[in-house]
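Given next are the chains, with one letter for each unit.
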Amino acid sequence: MKKDCVFIYSEDFLQYKFHDAHPFNQLRVKLTYDLLRAMNALEDEQIIKPRIATDEELALIHDQTYIEAVKAAGKGQLPEHTALNYGLGTEDTPIFPNMHEASALLVGSTLTAVDYVLSGKAKHALSLGGGLHHGFRGKASGFCVYNDSAVAIKYIQEKYGLRVLYVDTDAHHGDGVQWAFYDDPNVCTFSIHETGRYLFPGTGNINERGHGAGYGYSFNIPVDAFTEDESWLDAYTQAFREIADFFRPDVILTQNGADAHYYDPLTHLSLTMKAYREIPKLAHQIAHEYCDGRWIAVGGGGYDIWRVVPRAWALIWLEMTEQSNISGDLPESWLKKWQALSPVPLPREWDDPEPLYPPIPRKAEITEKNGQTVEKALYLIRSQRQQTTDTNPTIL
Amino acid sequence: MIVEQIMKTPVITMQPTNTIAEAIQLVRQRRIRHIPIVDEENRVVGIVTDRDIRDASPSIFQIHEHLEDLQKPISAIMKTDVIVGHPLDFVEEVAALFYEHKISCLPIVKDGKLVGIVTETDLLYTLIQLTGAHQPGSQIEIKVPNESGMLSKASAIIAKRNANISSVLLYPDEDENYQILVFRVQTMNPIGIINDLKNAGYTVLWPNLPGGSS
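Protein chains in written order, with the working numbering: chain V, 1 to 396; chain B, 397 to 610.
Check before you lean on any hint, since a few could be wrong.
[As the list claims (entries may be wrong)] Each computed DMTMM-like pair below joins lysine to aspartate or glutamate, with the alpha-carbon atoms no more than 20 Å apart:
1) LYS121/V <-> ASP329/V
2) LYS30/V <-> GLU56/V
3) LYS556/B <-> ASP292/V
4) LYS556/B <-> GLU91/V
5) LYS509/B <-> ASP465/B
6) LYS556/B <-> ASP507/B
[Claimed, not checked] Per label pair, the in silico range of CB-to-CB distance:
7) LEU565/B <-> LYS75/V: 35 to 45 Å
8) GLY212/V <-> SER455/B: 47 to 57 Å
9) ASP569/B <-> ASN85/V: 29 to 39 Å
[To be verified] To spell it out: a stretch of chain B is covered by chain V in this simulated footprint if at least three of its residues, at any positions, have a beta carbon under 8 Å from a beta carbon of chain V; those stretches are:
10) 480-487
11) 553-562
12) 578-589
Bear in mind the hints are in silico, worked out from the structure with no lab data behind them. Note that the structure is predicted; figures quoted are calculated from it, not measured. Even for Gly, the Cβ is constructed at its ideal location relative to N, Cα and C.
If we strip away everything but chain V, and leave its shape as in the complex, we get (with noise of 0.2 Å):
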């Protein structure tokens, strides 16, 4: 077992709670540490307590007059109408008691991983209580309050003075992250996600690539709606793969939503647990590649939190610990204890069963469109590297 990989965990994670009905629900994050300490590929050594951001981290983000409105509707002090201006208290981001401390809590989580791999005390570190990838400047969005992956890399910037890869395989567009860092040349953002033609947030297209100084440095690719393991694992190792060679980052963050799966009942996508063992497996290459090994995970969306998001986020744990080669059966201890409080039949066993769903009907189709969105959104550093190699053909 691994002893340079830490997991930033604390059972306050699930104080993040809007209310019972609401589709983000944090116990999907206390299911997966279950899942893996009934494994025994867990140790207590492994697990960190996450400490909780500061105001003035919180700050290098968001607005000072957002984070008081936050520390007032937590305590209900914000009247409703300036609160649905902060985007507090909607349907997607309900006001809860303590909201501040419980967001603070999510960003600290990612900030105490960061500071664990650029410390040199890990090489890699897992914060699945962040990912909070739609939170803007001023205001809350898509369940959402505080970006702590926005945080993270500004601090990043600010603390360790290093480039930062991030890298979004959430089913919705990673809007909060691209926007915080649009016009910034040292932060590469990279979106793979549903479309967002009817799929929240609606942005994410392939010309969003940056502005004035970042131009060229934010990547998205939107793919379309049904897409399956094949296409989607193609287009995300040929982005993935490009982007790194093309930005040579110090460091790589990833957002590791698990809400593509065929089960995720808010999008549309038709993964299966095959993409998730090797979303974090190509990432953990990379890193090794090109940044010493510097990469640090966040969790994200996840909305089926029994059947898929268990199992795909453990499976960035085992990746890390290089002890993914498991398949069979899920330990039998964590199913009996929460089979009965789980509203469907949990899956017995590490990877779907083949076939999960029955076939899509317009599968090529949307295979070639993927492909050739693939080639739009790379286009610009394809070309470049054309020339590079046109010029200059020794180097290879």
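Let chain V serve as the given structure and place chain B on it in line with the hints.
Relative to the frame of chain V, chain B by itself:
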């Protein structure tokens, strides 16, 4: 929405006596495609586009020949039958004007003087704003009978879920007895709304089953 709200000011202009060489320089430096030409009183007397300038420039194969041509005044190449608009024109009307006359910019004139300019790019940007596509939201399309009151009934269902509508688009279905309503709703979780709409008897076109519209 009226032109005044979307037009660009101040306008980068030239006088008829400026040279073609200066126009080439200006278009490059300021990354613009249209230069309104004005007299001393700021009245529009002509317009020059990047295409007019390109037509007047030497070919890249003869880049050093006939350089004296570039010293000619811009009045020699400017178009003088300029179509102009007014700050109070409606954006929709102006859009139709672009289409009808196949133009790509419209100088805006008030009291006979140039006060702004609207380009194709500005119009497209405005259209994006109007569709609400720049704000986070989910899109829901429903098919309704072409009768009065349908929009209000459907939006009442959305309002009950406390979700803010950022834009509404309405267009005719292939079957003229129906219309398509397109809502952009500020929520990441439209499932409740979609179920409410279905329960109320509406046909939700999207989000849909595999193989349906995409």
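Hints versus structure:
Under the criterion of a C-alpha separation no larger than 20 Å, the hint pairing LYS121/V with ASP329/V is inconsistent with the structure, at around 33 Å. For the given pair, LYS30/V sits about 29 Å from GLU56/V by alpha-carbon distance, which is inconsistent with the 20 Å threshold. Among the hinted pairs, LYS556/B with ASP292/V is inconsistent with the structure: their alpha-carbon atoms are about 53 Å apart, more than 20 Å. At roughly 11 Å between alpha-carbon atoms, LYS556/B and GLU91/V fall within 20 Å of each other, so this suggested pair holds.
Our distance criterion of 20 Å between C-alpha atoms is broken by LYS509/B and ASP465/B, whose separation comes to about 30 Å. At most 20 Å may separate the alpha-carbon atoms for a hinted pair to count; LYS556/B and ASP507/B exceed this at roughly 49 Å. Taking 35 to 45 Å as the suggested C-beta distance range, the pair LEU565/B and LYS75/V conforms, at roughly 40 Å. For GLY212/V and SER455/B, the hinted distance range of 47 to 57 Å is not satisfied, since their beta carbons lie about 34 Å from each other.
One distance hint, 29 to 39 Å for the beta-carbon pair ASP569/B and ASN85/V, holds here, with the actual separation near 37 Å. For the region 480-487 of chain B, the stated coverage by chain V is violated: 0 residues have a C-beta nearer than 8 Å to a C-beta of that chain, whereas at least 3 were required. For the region 553-562 of chain B, the assignment as covered by chain V holds, since 4 residues bring a beta-carbon within under 8 Å of that chain's beta-carbons and 3 suffice. Three residues within the 8 Å Cβ limit are the bar, and the region 578-589 of chain B against chain V gives 8, so the coverage statement holds.
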